[in-house]
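Taking the hints into account, I'd like the entire structure generated from these sequences.
These protein sequences, in sequence, are chains H and P. Note that this note's numbering has the first sequence beginning at 1, numbered continuously upward. Note that this note's numbering has the second sequence beginning at 1, numbered continuously upward.
In short, the hints are calculated from the structure, not lab data. All figures in this text were calculated on a predicted structure; none of them were measured in a lab. Among the hints, erroneous ones may be present.
[Claimed, not checked] The list that follows gives simulated cross-link-like pairs (lysine-lysine, DSS-like), each with its CA atoms no further than 27 angstroms apart:
1. H/K409 - P/K46
2. P/K46 - H/K79
3. P/K46 - H/K219
4. P/K202 - H/K327
5. H/K418 - P/K60
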Amino acid sequence: MSVIMLVSLALAGCSSSSSSEESSSDGKKVIKFMHLWPEGSSNAQFSIVKDIITEYEKEHNVKIETEILNPDQYREKLKVLASSNELPDIGMTWSDGFIKPYVEGNMLAPLDDIVDGDADLKDAFIPGVKESYAVDGKTYGLPLELNISYVFYNKEIFKKYNLEVPKTFSEYKKVVKTLADNGVVPATVGAKDGWPASFWFMYLADRIGGPTILTDVIKGKAKMDDPAIVKAAEEVQNLVDMGGFVKGSSALSNDDAKGYFMNEQAAMFLTATWELPNYTTSPDVKQEFKDKIGYFKFPTYEGGKGTSINSYVGGPGVGLFVAKDSKVQKEAKDFVGYLVKRWGEKSVTDAGVIPATKVDTSKLDLAPMYIEILKDLGEASNVTTYFDTQSSPAVAELHHDLMTALFGKQVTPKEFVKQHAEELAKEQK
Amino acid sequence: MRSVMSNKWVISLYILPALILILLLIYIPIVLTGYYGLMDWNGIGKMKFIGLENYIELAKDTKFWQSAWHSLLLGLFSTLSLVGYLILSLILASKIKGANFLRKIYLIPMLLSSVAIGQLWAKIFDPTNGMLNRLLVLVGVENPPLWLADSNIVLFALFIPIVWQYAGFYIIIFYAALKNVPEELIEAAKIDGATPLQIAYKIKVPLIAGVIKVMVILAIVGSLKYFDLIFVLTGGGPNGASEVMASYMYTEAFSKYNFGYGSAIGFGLLIICLVATWLIQKLLNTKDVDY
Chain H
1 MSVIMLVSLA LAGCSSSSSS EESSSDGKKV IKFMHLWPEG SSNAQFSIVK
51 DIITEYEKEH NVKIETEILN PDQYREKLKV LASSNELPDI GMTWSDGFIK
101 PYVEGNMLAP LDDIVDGDAD LKDAFIPGVK ESYAVDGKTY GLPLELNISY
151 VFYNKEIFKK YNLEVPKTFS EYKKVVKTLA DNGVVPATVG AKDGWPASFW
201 FMYLADRIGG PTILTDVIKG KAKMDDPAIV KAAEEVQNLV DMGGFVKGSS
251 ALSNDDAKGY FMNEQAAMFL TATWELPNYT TSPDVKQEFK DKIGYFKFPT
301 YEGGKGTSIN SYVGGPGVGL FVAKDSKVQK EAKDFVGYLV KRWGEKSVTD
351 AGVIPATKVD TSKLDLAPMY IEILKDLGEA SNVTTYFDTQ SSPAVAELHH
401 DLMTALFGKQ VTPKEFVKQH AEELAKEQK
Chain P
1 MRSVMSNKWV ISLYILPALI LILLLIYIPI VLTGYYGLMD WNGIGKMKFI
51 GLENYIELAK DTKFWQSAWH SLLLGLFSTL SLVGYLILSL ILASKIKGAN
101 FLRKIYLIPM LLSSVAIGQL WAKIFDPTNG MLNRLLVLVG VENPPLWLAD
151 SNIVLFALFI PIVWQYAGFY IIIFYAALKN VPEELIEAAK IDGATPLQIA
201 YKIKVPLIAG VIKVMVILAI VGSLKYFDLI FVLTGGGPNG ASEVMASYMY
251 TEAFSKYNFG YGSAIGFGLL IICLVATWLI QKLLNTKDVD Y
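Dropping the structure here:
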């Protein structure tokens, strides 16, 4: 008797787990979509996605189920799902070094057919951005965000000390000296996290060694101990010695450092356009502060190879992927195409996020800073993707540690490049 | 009843559920970790068997031994702080005014999540705006140390919130143990003219020696595998100055996608903890004092 009960229990358990969740009770296909914009912390993005999903479901016979996590939790969960081969039908990914292991593990479907098959999408992406999601010539992610970095500054502080926006590096150093002499923190940076500090290093490398030097190093075409790169690291430490950065920056996270700028204790903050809402549209920041903020492009370096001030450090943000084993691949791909298009139309006005697709500013009502920046993007000569995004996870991690050490003066510029070179050499063997 | 309890099959049946739980949640994962340590695996793709390569590299890895040293320093410091806890508990266990209230206060850090404690202390340690440095500047210190940014003192700076976090735990246990010391002994000693200090040192402490021994083991092993505040406050930085074994394991596995090596580190951590426990047992093997 008990044996019969046990067996029937087991059978019931088995059947319920094997019934796939492809069709909901009313026969519609279900697409599982996992993204990283929770309603609380990324309200604007969350609302745009919700609206697009509602629109799409009205016109198509599918149900889209979302699972939402914040970016850090999302990263962890994605790794776990990947290792148990349970990726959602549609998900988000970062570019280059992040997406590579997933492609090599055969987990993602190529998405070139979505772009090639849609007239609206074919030339919509800003050149170079989609390519960051390609491995061996095939695209595995469609980017949704693009960011470039500028030095944002407090116009009121500059006016107080009669400072002009610096166009060259020696002019910049004069600005730093004046501010430091007057007890104002010239620039704030969250060197604990490594990557905010990397912006400074990358720009100096670009201006001294030319726009392709760091990418060449990662791809193995150039050496990390190139004199230009060593000079860039030296100039970073010179700035630290001059008092160019907030004290103890190597213990500050990006958020901690940001506080100094938002509290007007620091005059400058080199960060990317994801911060724009705080300087333009965000209702959480006082308007009088927002009115004081301007930006300038990173100055050129006298005698450096990188002569274009329109060469930026930046990169794509998240992009969409479709899982290779998805049982609703066709429907998922169709939705992805739709989402990218509609996102491009709404993201700037509704969320203050710059999409990776070209934006027609004539039709939109935007804050002036956005219009200027979108114009800059159109005139950009180059966008070098962040060092830690282009390189493998191991090199990225080392880069973060070394950047923290460089700002904390715990490593010399020569050591800095040497350790990079050794790690890169290990991988390129 | 006796026949039931002495029946070997029945005894096994009673132990079985807990045994299965421990096997599944502790012993099998330990073996699996050691097994993964034999692989080269990025967490997503296929695993590649590379034998003892990870373990050999671990033995030669200066970063690992540095992190082990930091863990050990943490263990030593925690053990020393046990003395402080013991003294506090002795004071609290005696009938001073406000002992009840103080006990509850000491427990509060235990109720906070490590992340919340981390955020709190990060703000306190902030080099320019933090409470600590503002205070030091106020009393005239010109250039107060940069705490978490200074690789020479970051580990010592971290000891403070870590000790603060677990104070309540140890105090409560010492207090409970002290309360178990029979009142008659204390009274007899008082009649004989013993001072409170002598009572504490010669009577109370020896009688709770067993508990102290267990606390030492807990403190050291807990410190060896400690992770929380190190990760939240410094992430092991600057440049490995505050790295401990657990944070090193996390970085290797989850940030560098090096799960094989990370597992080897985890297994190494286990071995070190086992060795430490065995050593401490040997050193502290004083006979329990009976009354």
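Here's how the hints hold up against the structure:
1. H/K409 - P/K46: With Cα atoms ~40 angstroms apart, H/K409 and P/K46 exceed 27 angstroms; violated.
2. P/K46 - H/K79: Given pair P/K46, H/K79 holds - Cα atoms ~14 angstroms apart, limit 27 angstroms.
3. P/K46 - H/K219: Since the Cα atoms of P/K46 and H/K219 sit roughly 24 angstroms apart, the hinted pair holds (cutoff 27 angstroms).
4. P/K202 - H/K327: Roughly 74 angstroms between the alpha carbons, so the hint for P/K202 and H/K327 is violated.
5. H/K418 - P/K60: Distance of about 20 angstroms is within 27 angstroms: holds.
Checked against the numbered hints given earlier, this structure breaks hints 1 and 4; the rest are met.
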